[in-house]
Every structure is written in C-alpha cells, then in structure tokens.
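A.B. asks: As a plain string of letters, each chain reads:
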Amino acid sequence: MLTYTIKRLFQLIPILFVISVVAYAIIELPPGDFADFYISSLRATGVTVLEDEALRIKEQYGFNAPVVERYWRWLENIIFHGNFGYSFEYQKPVNEIIAEKLPLSIGLTFGALIISWALAIPIGIYSAIHQYSKFDYFFTFIGFLGLATPPFLMALIFAWLFLKFFDYSVLGLYSPEYVTAPWSFDKFIDLCKHLILPVILIGLQGTGTIIRVMRGNLLDELKKPYVITAKAKGLKFRDLLLKYPVRMAINPIISTIGWLLPALIAGEILISIVLGIQTLGPVLLRSVLSQDMWLAASIVMILSLLTIIGSLISDLLLVWLDPRIRFERLSK
Amino acid sequence: MGSFSNSSSVINEEDKNFYYATQWSLIRSRFRQHRLASISLIFLGLLYLFAIFSDFLVPYSSTQRFSKYNFSAPTSIYIYDSEAGFSSPFVYGQKKILDKKTFSWKYEPDLTKKVYIQFFTEGEEYSLFGIFKSNIHLFGIDEETPVFLFGSDRLGRDVFSRTIHGSQISLSIGLVGVSLSFLIGILLGGVSGYYGGYIDDLIQRFIDFMISLPTIPLWMAFSAVLPRDWSSLKTYFAITIILSIISWGPLARVTRGKILALREEDYTLAARAAGASTPRIIVKHLLPGFSSHLIVSITLSIPGMILAETALSFLGLGIQPPAVSWGTLLQDSQDLMAITNQPWLLIPAIFVIGTVLLFNFVGDGLRDAADPYS
Amino acid sequence: MKLASLLATASLFLGTAVSAAEYKEAPSLKEMVSKGEIPPIEQRLPKTPFVVEKGVISHADELPNWQPGKYGGTMRFGHTNPGWNPDVFIMLNEHVLMAPGISIKDVRGNVFKDFKIENDNKKFTFYLREGLKWSDGNPVTTEDVRFVFEDIYGDEKLTSAYPSKFKSGGDPAGNPAKITFQSDYQFTMEFDSPYGSLISELSIKGWQGYTDMLRPSHHLKNYHPKYTSLASLQPEMKKMGFKDEWWQYFNAMDCTNWELTRPCSANYPSLWAWLKVETADEILEFKRNPYYFKVDSSGQQLPYVGRVISQQVNDTEAVNLKVLAGEIDLLREDTALVKMPLYKEAEDKGLIQTHLLDMHVNPTVLFFNFTLADENDKKVLNNLKFREALNYAMNREEILENVYFGFGTMPEHLYKGYDPAKAEELLDSIGMTKGSDGFRIGPNGKTFEYRIEYGDYAPDIKFVVELLTQHFEAVGIKTTSKMLENTLMNVTGQNNERKHSTILWVHKPLWVSGGWNDYLPSTGGTGYAPLWRQWYDSNGAEGEEPPTEMKRLMNITRERGAYVPYSSKDGNLYGELMQNMGDNLWMLNIVDNVNYVLITNPNIGNVQQSGQAIAADNSGEQMFYK
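For the protein sequence lines, the chains are F, A and G, in the order given. Heads up: the first sequence at position 323 corresponds to 323 in this note's numbering, and the numbers run straight through without jumps. Heads up: the second sequence at position 323 corresponds to 655 in this note's numbering, and the numbers run straight through without jumps. Heads up: the third sequence at position 401 corresponds to 1107 in this note's numbering, and the numbers run straight through without jumps.
Just chain F, same shape as in the assembly (with noise of 0.2 Å):
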C-alpha cells in the first residue's frame, strides 16, 4: 500500500510539469495578446482608442522574449517563489486573486455536492427497491431534468423568478447594500439569499448521475447471494437495506469524489456566469478570453493539480475499501 502510493506520488511530478506545459499553451495558442485584447475590448465599450494611445498600451504589456522565455519564467517562479505571476487585467498578484476565488469556487461546489447527495441517494434507494415503479419513474425524471436543461438557461430561468415571486436579484453574493458593509448577521443571512439557487443549480446537474450509479449499484447488491440469505433468515428489510447493501453501493460514489471536481467546475462556470458570482470559473473564463496569460495559465494549473490529486485520493480510497483491488495491487 505505501509503495504504490510513493510509487503514484512520484507520478505526479511528470504529469504535473506536462500540465504546465499544456496550461501555457492554451494561453499561448490563440493569437494576440492582452494588449490586444484590451484595447481591442475598450473600443468595445464606446470608448475610442487613438492609434498612439494603442501603441502605449502595446508596450507597455506587450512581451518580447519568446514563448519559451517566458513559460519558464512563469515557472521558475512558481517552483523557486511559489509566485504565480501577476495579473494584467486585475492589476495585482495571481496567488491573492487565487487565494480569494479558490475557497469561493470550492465552498459552492461542495454545498453542491451536498445537495446533490441529499437527493439523489434517497432518491437512488427508492427506485432501486421500487424498480420500474410509478415513483421510480417520477423521481429519476426529476432527478434527470437537471442534468438535462441547460444549465445556463436554467439560472437566468430561476434568477427571473426569484426576482419576480421574491423581489430581489439573486446575482452576485450581496445585495448592493451588503456589499461593502462589514460582517454582521444581516450580511450572513443576505449572502445565504444570493447563494442558495447558485448551489441548488450546481447541485441539480449532478443529481441525475448520482441516481443512476446509486440506483444501479443497489440493483445489484441486492441481488447478490448474501441479501437473499439475509432475507430467507428472517431479517427486518430495512435494517438489512440500510446496513449492507446501501452502504456497499454508496461507497464506489464516495471514492470518485475526486474525479467530479472537473465537472462541477465546468458546469459551476455556466452557472456562475449567468448569476454574476465572481468564483474561479468565471475568471479562468474571462482570463483566457482576456489572454491574461498568467493568470489563466495558473488557474488551469491549479485546478489540474487539485483534480490530479483528488483522483489519485479516490484510487487510494479504492484500494482500501475494496480488498480485491488491494490485493491485485500489492501482488505485483
């Protein structure tokens, strides 16, 4: 066990250095630079850009030395000063816009997972007991329309209700009052209001899966030898439901945590676009558009690496719950 995880662990350090390098290339990839970007989205906005005035703003960011040059001197800098560059378009350093969005991104998406856990595991139970029942249909119907309508239609949807049955915009985290007033249980309450159709929507996208892989593992937990035996003796369906089978089919879904990270940032991204929250998705989107290169290039990176690891935490969460996999594992 400890050897394959050193083994994994060193892993690691190739793949991450590949990351790197496929990180800066997206960024670099496109033509343009932020220069051009800037000036080109100040036109945008009305204002007119005379040629002097572009060639100052050319300049002033444009870059010189080559791709190479640079990319390692992104690097070196993350490896040497865990520095992460700085940021044109947000004039301040990567790691402080990090440091602020990451905890945001990574708060709602968990609230997320709650919620989608919450439904879709009694949901899951349900219709595994109740195959191909009236219930069963109606719930995994529900529990799939998340995962079917588009999720950015969904939020300007929902954001339209709430304005019109609740009277007030559930865009950004606080209501402009709140938003830079200081701490006080008001404020709490006003950022609950705004979060909580962001979380349920991040959730709802995830539910429709999490109900077929419950819904599935049950099915064939509970056909297995050990359930039927349990039954034949006589034991009460439900403590035995609640004590082997649901935990036996719950488990392979606690152990891919890891891997859902990918897809709720990507679909949190949509989501927060439309209901205007400033989390990590939002500005890894607006930083590549903007060519924002090394602010881009660090997001990317960084959610990578918490993705790579989150994956490598749910293979070793693999191997110590299921024996079998551990085995075949330590055997060689």
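A hint or two may mislead.
[Claimed, not checked] With a Cα cut of at most 30 Å, we get these calculated DSS-like pairs of lysine-lysine:
no.	chain 1	residue 1	chain 2	residue 2
1	F	Lys-58	G	Lys-1055
2	G	Lys-741	G	Lys-776
3	G	Lys-1055	A	Lys-432
[Stated by the list, open to error] Computed list of chain A residues with no C-beta within reach of chain F, every gap over 10 Å:
no.	residue
4	Tyr-458
5	Leu-470
6	Ile-679
[As the list claims (entries may be wrong)] Just so you have them, the derived chain A footprint on chain F, three or more residues with Cβ under 8 Å:
no.	segment
7	154 to 160
8	302 to 310
Derived by calculation from the structure, the hints in this document are not laboratory data. Note that CB positions come from ideal geometry on N, CA and C, so glycine has one too.
We have chain F already, so just place chains A and G on it with the hints.
C.D. replies: Showing chains A and G alone in chain F's frame:
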C-alpha cells in the same frame, strides 16, 4: 451446447426460448420490460426521422424571413368559424400594432383575412440527402400570411422550421462525436486493460491528465486556432472533433476496467493458448464480451455532447449563423425578453431537454438489460 | 478666427465666480474637517473654482430646469468586465477644457482655468487654476505638465511615438509642440503651423482626459529612474514578474484616465469627482473627492452624491436583471431598445425611470478593407460601382424596423433608396455576372465570396450581419460571415488581415465638430484599409498610396486641424467631407439618429431630458437625490 439440446425435452417452451436465445435477443426482451426506455427509444427514433426529413416536414427554410412578423406568437390554427362551420385548418391574417405605452408589439387577428393551410404543397426547393430535389412540403400556406407553429424570432423567422432544421446538426453532433471518442477510448482503454503493467500505468496517467484539464479553456483554445475562413460545415466537423478529443477519457476508463476483468476469463486464456494475436483477442473475444456495456456508456455520453454544443454556443464558440443548431437557437432564448415576453423562443430548449432525457432513459433501459443472465 | 469673441465667452464665465465665504460642503466632509483629517474647504478649492449652473455642464435646452442639488446618497451601477465600467468612466473622466454636453462648441476651461489662442492658431497659452489640489492635497502646477512632456513623452522607453495630437496640426508627421513655462500656473505651446483644433483634442474628443497633459509628478517620481534609483525599484518590480523592464513597471503604476475605474487608481492622486477606494475585485467603489474643483451657483462644492458603487456581474443580461430589481441607479452602456417593455414594467413599479435619448454613434456601419491582400477581391471592393450596388441592395427599412424598432432615420448623404434591380444592373455592368451556381463571379472568373467579419461588441451587430448577408445574397453576391473574438478583431485590424468587410459603429453625429474622425481608414478594430492609414500616419513613407478621393478626405482632416471647431472655414470643410463620403461610399451607414435608452433612479435630479444619452452620463457630478 450439446448438453442443452439433450435436456430440451424436460424444459417447457418458454424456458426453451430463453435458453436458446442469443445474447442480443435476451437484451431486447429485457429492454422491453423497461417501459419508459422503450417509449423513449421510439420518440428518439422519431426525432432522428424528423431531422432526416426536416426539409419536407417544415414549411420554411431556416433563413426565410417574414419581416412584418417579427416576434409573432405561435399562430392559432382554427378549424371552426361561425359562418362556415367546420372546415379544413385555416389561419387568420395578422395586424402588428406597437403599444406605445409598454413598447411591445402586439398582433391582432385580421378576421377578414382567412387563409387555408395546404398539405403537400409546393414551397422552397430543397434536396434530400443531396440527391433528390423537391419542392413539396408537408404543409404550407400562401406567402403573405405565414404560419408559425412555434412563433417567430426577432427577424421574423419561423421557430418551428428552425428547430427542426437545427436538429440535424444537434442530433448528429452527438453521434459523430461519440463514435470518434469511442474509437479513441476503445483503443487506448483496450490496450491499457489488456497489456496492463507499464503501458497501463502510462495510459492511465494520460487519461488522468486529460480528464484533469478544465474543458472550457480547452474548447476556447481549440476553437481559437480554427482557421477563420473555414466554411460552417468544416467548423462544425472541427467542433465535433474537439468535443470528442476532450471527452474520450471516461470511456477509456470503462473499457479498461471491463477488459481487466475479462482478460482473466477462461476463454481469453484459451484463445491465447491457441496462439491468437493480441489485437485479434481484443477485437474477436474481449469486445463482444462487454459490447452491451459499451453501448450503455455510449448512449449515456451522447446527451453530454448535445449539451456541450449548446454550452459552446452560449460561450460564443459554437456554430455560427446562418447555420442553425439547437445551440444557436438557445442563444436567442438566453434573453430576459424571451422569458417574459416571447416564451415561444424557449421551445427549442424543450427539444434539447427532451432529447437528453430520452437518451438517458434509453441508456438506463439498456443498462438494466445489458446483463441478460443476471 | 474671432479670437476676441472666444476670449469674451471665456471671461464671461469667469465673471460668475462665487466668493469664498459662501462655499458649502457635504456634511461628511465637514466632519472630516472638524476632526482635522482634511483642511477647511477654502483651502481645498482653487481660488477660482469651476462654477456649475444652467447650461454649463448640460446644454440649457436639454436640461432647462437645472437646479442646485442636495448632498447625500449612493449611486449604484453594474458592470461586466473586471475593473472596468464605461458608465462610471464617462461620468468621472475630466478634461483639460470643456463645452456643454459632449460638444466642442464654445470650449472653455475645465481643469485648466483658461486658455488663449494667438498668432494664427499657432500659439496657445494655458492658465492653471491657482490653488487646485490633487486628491491627496498636493498642489497642481506646471511641474505636473513638464513631467508629462519631458519625463514621459520625452523618454524613449516610456513613449515610442510622441503623441500626434501634440504635433503641429495634429498630424503624425508634424513637429512636436515647443513648450515654455512662464510660472507655476502658466505655460505656452507653440506649433510651426496653425493648429486650431488642438482645443478639441484637449476637451471631450475621444474621451481623452487631463492625464494626457498633466499627471501627479510628486507621486510618479517615485517610480521614475530619473528621480528614484533603479535598484530601489527592483524588489517591487520583481514581485510583478518584471526583470529590468522599469518602463513597464512605471506604466503599471502610472494611472491614466482610461484606468480610472481600474485597481491601480485606488489611492492614486487625481482630479476626478469621486476617488476609487480599495475593494474586492468584483466591486468598484468611489467616494467624494474633497478637493474637487467644481461648485454650483449657490457655492456648494460638487459632487452632490457621496458615493458611487458598481457591482460586477458577468454578462449584460445580468446587468439588466439588476435594473429590473431596482438595484441600479444609472445605466447607459448595457441598455437595449429591445428590452423597453421590461424597463417600462419596472418604471411602472417606480423602480427606475427611462429616458429615450439620442445615440452618439451610428451603431452599425459596413466598413470595407480596401487594402486587402487578395488582388482580385481588392479590385472588387475598390470599384465604386460595387459599393453602389451594395448600397442599393441593402434593405435599410427592414433593418430599421427589425433591429432598431423603427427608432431611427435613413442615413443622410448615402441613402439612395432600396433597389435590388438597380443593384443587379450595376453588378452586371462591371462584369460580375452570375455563374452557374447563381452567384456572381469576380474579375478572375471565379465565384466572388464576400465575407463580413464582426466582433461581439453590441447585440444589434449580429442581427444586422444576418440581414445584410441575405440582402446581398438576394442580388447574387455570395456572402458569408464570421464572428471574431475581441483579441482577433484587434490583431487582424492592425495587421491588415481582415477580410472584406466589418460591421462596427462610427461617431458620425460627432464628425461635425471634428471631435471624431473615424471616417478615416484605421488600423483599429474596423479593419478599414489599414495600409492607407499607415500611409497617412507616416506621411507616405509606409503603407499603400490611396486613390485621389481618399487623399482628399485625408487632406480635409489635416486642413480642419488648423481651424477652431465650428469656425466658418471648418464648417466649409465639413461640408466637403460629407460630400466626399456620400460620393465615394467609403463606408455604408445603415441608419442615422438611432434612439438610446438611459435608465436612472426616479429620484435623481438634473438628468437631461433630451440630447445624447452619453452626455447625461457625462454630467454625474451635477446629479443629486431629490
């Protein structure tokens, strides 16, 4: 097999059918038990039929405009009129009025103008599969008074015609994209699972790596490097390829897992002992062993592609007008005005949601049926 | 030029100065004075502050019931780009000189007290406001001007090209101004040829700001190696990822008017009505500048509104949703005519007030890249008959009706009716006959494929492109379109890589003042004959020589440079300019006089009732909560 035929006399007819059935017919019969899935499959088939014969089914092309009829609500179709009684379906002409107080357009039926809907009527010329040229449409109406089953958009185009035309791209993008990622996934997953060891490790880490990259910046980078002067058809294929390059990872994982389990089975060992080559073993002996599972995986990844196409359009990276897909239609409906004043623009969303649901139900049915011997 | 009359108007305004004893300030500032945080108001205002009354900031007929306001309140905005809100930018931006609205007629002092033009529009004398202070309390003097011209524009690393607006005639090929400083509050600029239009360059033209002429030298010297050793700059530079590029570091520290909403302007010495406060990324917050140099006719220091705040969302739909929730007090940039029914609903609930004003641009114009690399296609675009054919082929009424809801008129000088038959006739006459596929061929005998590339800059552009595509196809021109992202728009425009055409706006309503000259070829986002522009900028040394008619257009611009805007000679040249544009169809405007929605809080006073929406946006310092 011989032992079965010997005992055939003692088992009844029904069981006999069961034991003699091929794997596929077993799957088919189990699938039929999943009612929702069976119905879904029929609907899906219909959707694809609509897509193929869209030119015939809808009255207008995707770009035909009725500039006097922008943002018109779905046309009401009548079959009764107090004077003439019941008749074949007809519509009334419409008058557009600007309400200066609310600044919105209102349409009022012009009861003096009554136009009958014609069936199998001549309209704009089209070519089916690029071979058969025709101008016969299922239904149509004279040029002056258009009929909009799903209302019209900002430029006065028929949302119904556009939705059905759009399904061609949206429904095929899933199939084409998935078959591509299926190929990559099978190949890498198969090799990984069969050989194991060092190669397995390498491919596994590569899959980890692909899965770990956030998809949206990848989409953006890829679509940024597509040459600007490509036609919309070329761009469409490029987008499909991009989608499949990004999404083959999970499929490869499934394949590998199954192969890992199957390669220890006796029949694989037997084939190896008989001297069969590795590719032959994978294709001839291992793939059939879990093809039903693969079909489930594929069915369940098609809707992902359909949704990805709409997301690409939302981000402005997808298919470009005048080409029309469900993604571009959803782009039009991503507007507060659509939600409040022109709800018919949301109808294409119902098609997207419906299709994704149908694929999911079919996938579930297949999943339940995939292991017929359990 | 009637110099005397110009001076007379200027001194007329000086006459209305309010005496120092009558100055009043906001309660919050009074409190700060009593705590000793800032000096009393007499010491904060210049000796002669800028006095605001009816007809000063807004035209008298556009805001006839101007009134002195009340202190207090917060104005809430929404924006979509991190650190950038164009509405707040327009509202805060200050110019060296000004005129009512966004015009360049009757220009007078703003940040500067006054100016004088002598010697046939060649010599300009500028007078600074004595006692004017930067927002950190330091005095504004001619040293701040000297620093800009000598240490920034004069430094090769910081400025690769001396700004052409400070060259004779505003001509890139002209000689730089000779600047002499008479005192802390007076300096002169001399040019070797007449340059009357300099005063438009120093007022609102192109949303330029005072930072082009004066910057807080006391602050910036800390980042300039001439005043601070490079070694002591190094540690901070390194943090930002720079090695020896001190000029990039300086530029990052130097906050120009473009950047007034961006993070760098927090705590940066400025002259804007509100000062940026350091906040989280998604919020822009500004508080009243205690040293702001404007007072109203009753002696109250402006601005009335104490705080400006803008929340970031990620797209325009979200901004509009905030409007409907009553969370926005002023919006111009992201409004849309199409959404009028929604706005009206919110107006009925008393959440907002809508103002249907004018737009300062022609929102959609078809540009051509006359210097296209492809010789065959270039010939087609340069053929006036081809452009005439397009002009006849585009159904402007349909576009007006469908995209602008009928709020607009047919463009003057250009519109000759919608006549597809005539268009086909013209195309046939130049040999662009229809091929077997029904599409017209180019000079090389192959199908001519006409391409429109556009940016996602405004919601109407996409629809106009779609309609035009079909209008042109209807007369047999094979037309395709493609949306480019922002960066690509700039890159292709600059490098002459743009395909045939682009749709973007022009400031046609402002051409009359000479304030904008986007009728000229450009290396910017329009992709409008970049090589001709290079030829113009380099005085014929680079680029490609344009045809005679275009050269005339360029010369008109040059000649206008010599005259003060709206002088009779300038007026004649403007007439010739419009004639030239109409005759040669360098660009095809789709509609003129499009209306534009401005949204404000219903309780805000001094919002102009007519005129340009952006002018109302520009007048924020006189707005107040009733």
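A.B. asks: For every hint, state whether the structure bears it out.
C.D. replies: Verification of the hints:
no., hint, in the structure
1, F:Lys-58 / G:Lys-1055, "47 Å, violated"
2, G:Lys-741 / G:Lys-776, "23 Å, holds"
3, G:Lys-1055 / A:Lys-432, "17 Å, holds"
4, Tyr-458, "29 Å, holds"
5, Leu-470, "28 Å, holds"
6, Ile-679, "12 Å, holds"
7, 154 to 160, "holds (count 3)"
8, 302 to 310, "holds (count 5)"
Checked against the numbered hints listed earlier, the structure breaks hint 1 alone; every other hint is satisfied.
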